[in-house]
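There are 2 protein chains.
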Amino acid sequence: MSLTVLYMSMSLDGFVTGPNEGPDNGLGDGGERLHEWIFQGVGDHPKEAVGGQGSVNGQIVDEAMSTGAVITGRGTFDAAKGWGGDHHNGVPIYVLSRNPAPAWAAEWPAVHYVSNLDAAVRDAKHAAGDKNVLVHGASVMVQRALTAGLLDELEIHLIPVLFGDGRRLFEHIGIEQRQLERIRVREGEGGVTHLRYRVRR
Amino acid sequence: MSLTVLYMSMSLDGFVTGPNEGPDNGLGDGGERLHEWIFQGVGDHPKEAVGGQGSVNGQIVDEAMSTGAVITGRGTFDAAKGWGGDHHNGVPIYVLSRNPAPAWAAEWPAVHYVSNLDAAVRDAKHAAGDKNVLVHGASVMVQRALTAGLLDELEIHLIPVLFGDGRRLFEHIGIEQRQLERIRVREGEGGVTHLRYRVRR
Numbered sequence: 196m197s198l199t200v201l202y203m204s205m206s207l208d209g210f211v212t213g214p215n216e217g218p219d220n221g222l223g224d225g226g227e228r229l230h231e232w233i234f235q236g237v238g239d240h241p242k243e244a245v246g247g248q249g250s251v252n253g254q255i256v257d258e259a260m261s262t263g264a265v266i267t268g269r270g271t272f273d274a275a276k277g278w279g280g281d282h283h284n285g286v287p288i289y290v291l292s293r294n295p296a297p298a299w300a301a302e303w304p305a306v307h308y309v310s311n312l313d314a315a316v317r318d319a320k321h322a323a324g325d326k327n328v329l330v331h332g333a334s335v336m337v338q339r340a341l342t343a344g345l346l347d348e349l350e351i352h353l354i355p356v357l358f359g360d361g362r363r364l365f366e367h368i369g370i371e372q373r374q375l376e377r378i379r380v381r382e383g384e385g386g387v388t389h390l391r392y393r394v395r396r
Numbered sequence: 196m197s198l199t200v201l202y203m204s205m206s207l208d209g210f211v212t213g214p215n216e217g218p219d220n221g222l223g224d225g226g227e228r229l230h231e232w233i234f235q236g237v238g239d240h241p242k243e244a245v246g247g248q249g250s251v252n253g254q255i256v257d258e259a260m261s262t263g264a265v266i267t268g269r270g271t272f273d274a275a276k277g278w279g280g281d282h283h284n285g286v287p288i289y290v291l292s293r294n295p296a297p298a299w300a301a302e303w304p305a306v307h308y309v310s311n312l313d314a315a316v317r318d319a320k321h322a323a324g325d326k327n328v329l330v331h332g333a334s335v336m337v338q339r340a341l342t343a344g345l346l347d348e349l350e351i352h353l354i355p356v357l358f359g360d361g362r363r364l365f366e367h368i369g370i371e372q373r374q375l376e377r378i379r380v381r382e383g384e385g386g387v388t389h390l391r392y393r394v395r396r
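Here the protein sequences line up with chains A and B, keeping their order. The first sequence stops at residue 396 when you use our numbering, and every number in between is there. The second sequence stops at residue 396 when you use our numbering, and every number in between is there.
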């Protein structure tokens, strides 16, 4: 069965961007620190050398890249310049947005703009088949998906850094105690800790 | 050499209390969820049964209780009713505060009120000898200790829960990217993940 899995890199103090994030500064000041892990360990432990297992970080990236569809918030989509229209392997991308495609993304056939999260999840799971759906986004996306009960799992890449400011992953998600089930912990190269949780319903 | 180690339980969304925390509601609404781990696993794996190792959670508690002094913020001290004047084993407690002892704590010989964090750390390390100093506190304490370079390590007990509101561990700590070094990850019973970081200088 296809699951929706939020994959996000977060500083220990809860930020998914650095300070002063904006349209021309998508990651915020110094925000690239959160994504260094993707390139750490991979070169040191090429898959060929360790029986196809690869580095921990490489395995996590591979897992994310084996999802069958992407759902993202509009802010995240714009900040990433829409990943050039292809997040990975040409899988369909569902952008949660009331607005139509921006001019720079008008020609991308894999990208769909949807205002209804239920419909986005239904379509994305259908498109993904037996693969999971990768969810990208911060406060608004997380809030809507959690509140609607549409987020199945969280994969948090916890980065050994304090930012002090930026955009929080969890903000305005509603005052309600939500229980999670920790289902995996992997110690990645470079100090990142990959934490996997199931959202309890 | 004695190190200052911040020991705090934190929800995945960064809170160390539940919502509506106040003088008569020190942990906030539902905040006791953050401390359940202290009692989880301990009963299941008594030390006698597993060669003196005990449960993971028990080991972490033992480690915290083997520190030789305590430094705490006034808010945390008051919320905990000063641990009755004895946090553990009668070790000295240094309360960061410009105010004198409250009436209910006037008779506690182990408790010292200090307005200067440098002096508190110096006195606490001296009192602790070759043991570490346990630091308890949230935003103000963490902010002051980090900014002054007086926090050596963090031991975060990351709880598999989202609170949505409460008092954040890391808030107003200053906009500066601070690198941490992950030095230990332990998967505790009940889904808590014990994360140990060294603060890089």
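I should point out that these hints are in silico values taken from the structure, not numbers from a laboratory. All of these numbers come straight from a predicted model, not from anything done at the bench. Keep in mind that the hints are not guaranteed to be accurate.
If you want the ones that stay clear, here's a sample from chain B, every Cβ over 10 Å from chain A, calculated [what the hints assert, rightly or not]:
no. : residue
1   : G225
2   : A259
3   : K276
4   : A298
5   : R339
6   : D360
7   : G386
Each pair of labels, with its calculated beta carbon distance range [unchecked claim]:
no. : chain 1 : residue 1 : chain 2 : residue 2 : range
8   : A       : K276      : B       : G280      : 52 to 62 Å
9   : A       : G369      : B       : R379      : 15 to 25 Å
10  : A       : M196      : B       : A275      : 43 to 53 Å
11  : A       : D219      : B       : N220      : 41 to 51 Å
12  : A       : G217      : B       : E376      : 41 to 51 Å
13  : A       : E258      : B       : R395      : 24 to 34 Å
14  : B       : E258      : A       : I378      : 23 to 33 Å
Note that beta-carbon positions come from the ideal geometry of N, C-alpha and C, so glycine has one too.
Hint check results:
no.	hint	in the structure
1	G225	violated (5 Å)
2	A259	holds (19 Å)
3	K276	holds (24 Å)
4	A298	holds (34 Å)
5	R339	holds (14 Å)
6	D360	violated (5 Å)
7	G386	violated (4 Å)
8	K276/A - G280/B: 52 to 62 Å	holds (59 Å)
9	G369/A - R379/B: 15 to 25 Å	violated (33 Å)
10	M196/A - A275/B: 43 to 53 Å	holds (45 Å)
11	D219/A - N220/B: 41 to 51 Å	holds (44 Å)
12	G217/A - E376/B: 41 to 51 Å	violated (31 Å)
13	E258/A - R395/B: 24 to 34 Å	holds (29 Å)
14	E258/B - I378/A: 23 to 33 Å	holds (26 Å)
This entry does not satisfy hints 1, 6, 7, 9, 12, going by the numbered hints stated previously.
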